[in-house]
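**Student:** Single-letter residue listing:
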Amino acid sequence: NAGVTQTPKFQVLKTGQSMTLQCAQDMNHEYMSWYRQDPGMGLRLIHYSVGAGITDQGEVPNGYNVSRSTTEDFPLRLLSAAPSQTSVYFCASSYSNQGYEQYFGPGTRLTVT
Amino acid sequence: KQEVTQIPAALSVPEGENLVLNCSFTDSAIYNLQWFRQDPGKGLTSLLLIQSSQREQTSGRLNASLDKSSGRSTLYIAASQPGDSATYLCAVGGSRGSTLGRLYFGRGTQLTVWP
Chain A
1 NAGVTQTPKF QVLKTGQSMT LQCAQDMNHE YMSWYRQDPG MGLRLIHYSV GAGITDQGEV
61 PNGYNVSRST TEDFPLRLLS AAPSQTSVYF CASSYSNQGY EQYFGPGTRL TVT
Chain B
1001 KQEVTQIPAA LSVPEGENLV LNCSFTDSAI YNLQWFRQDP GKGLTSLLLI QSSQREQTSG
1061 RLNASLDKSS GRSTLYIAAS QPGDSATYLC AVGGSRGSTL GRLYFGRGTQ LTVWP
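From first to last, the protein sequence lines stand for chains A and B.
In terms of this note's numbering, the first sequence opens at residue 1 and continues consecutively.
In terms of this note's numbering, the second sequence opens at residue 1001 and continues consecutively.
Hints may contain errors.
[Said to hold, decoys possible] The following residues of chain A were derived to be distant from chain B, with all beta-carbon distances above 10 Å:
no. : residue
1   : 11
2   : 24
3   : 68
4   : 78
[To be verified] If you want a taste of the chain A side facing chain B, the calculated C-beta under 8 Å gives, among others:
no. : residue
5   : 42
6   : 45
7   : 94
8   : 97
9   : 102
Worth flagging that the hints you see were computed from the coordinates, not collected in a lab.
Treat the numbers as computed from the prediction; the structure is a model and nothing was measured.
Quick reminder that beta carbons are idealized off the backbone N, C-alpha and C, glycines included.
Produce the entire structure from the sequences given, and follow the hints as far as they go.
**Tutor:** This is the structure in structure tokens:
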């Protein structure tokens, strides 16, 4: 199993550009989520999904969109990048949202200039 | 809102010492608690998962305890090694409604073990 994979590893965007961060898992997990990690702060939840076709907002959803058309993939879209979105983004998955261990991807380091 | 605090923020010890990292949380209505390790520039590696009904979990030199009623967890590292140097993150899992599956993270303890 590859586990949770994320692409790209690094990305530099200009303000106003859009892009999609990819996340995939091969463990047949129903629950997937996106977090951002900023210096001096704990990881914060952006969006999550409890299964294909079902998504919901987390703590810091503004400026981001998600969709879940398959169990395996959960892409995160930045609609119009802003410097405040400079961060490290982590995707995570677990069997369900009922207390199972969560597995994290290697992260995408995004810089918006 | 759930708040998670980790103490100390940083710790530097010589090799061989036994260590205790602390984690506290404000809302005892949790599903579970998970300890992670993060190396610089890398992702999170799960170390231990404790369900809310459990008191402790052990893996090798690591032992994590949970006292849900007092909102505390400790991660005990025995006979520390330089390879243990990393940031250790504590995260509690929400147990109600829209918080199900959500992890609330502390800011981490940065551990340095020197030879």
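**Student:** Each of the hints needs a verdict: does it hold here or not?
**Tutor:** Evaluation of the provided hints:
With a cut of 10 Å on Cβ distances, residue 11 of chain A stays outside the contact zone with chain B, its closest approach being about 15 Å. The Cβ of residue 24 of chain A lies farther than 10 Å from every Cβ of chain B, with a closest approach of about 14 Å, so its non-interface assignment holds. Every CB of chain B is more than 10 Å from the CB of residue 68 of chain A (nearest about 14 Å), matching its label as outside the interface. Look at residue 78 of chain A: its CB is around 20 Å from the nearest CB on chain B, clear of 10 Å, so calling it non-interface holds up.
With a cut of 8 Å, the hint placing residue 42 of chain A at the interface with chain B holds, because the nearest CB-to-CB distance is about 4 Å. Hint status for residue 45 of chain A: holds, given a least beta-carbon distance of 6 Å to chain B, under 8 Å. With a cut of 8 Å, the hint placing residue 94 of chain A at the interface with chain B holds, because the nearest CB-to-CB distance is about 7 Å. Hint on residue 97 of chain A holds. Least Cβ distance to chain B is approximately 3 Å, under the 8 Å limit.
About 6 Å separates the beta-carbon of residue 102 of chain A from the nearest beta-carbon of chain B, less than 8 Å, and the hint is met.
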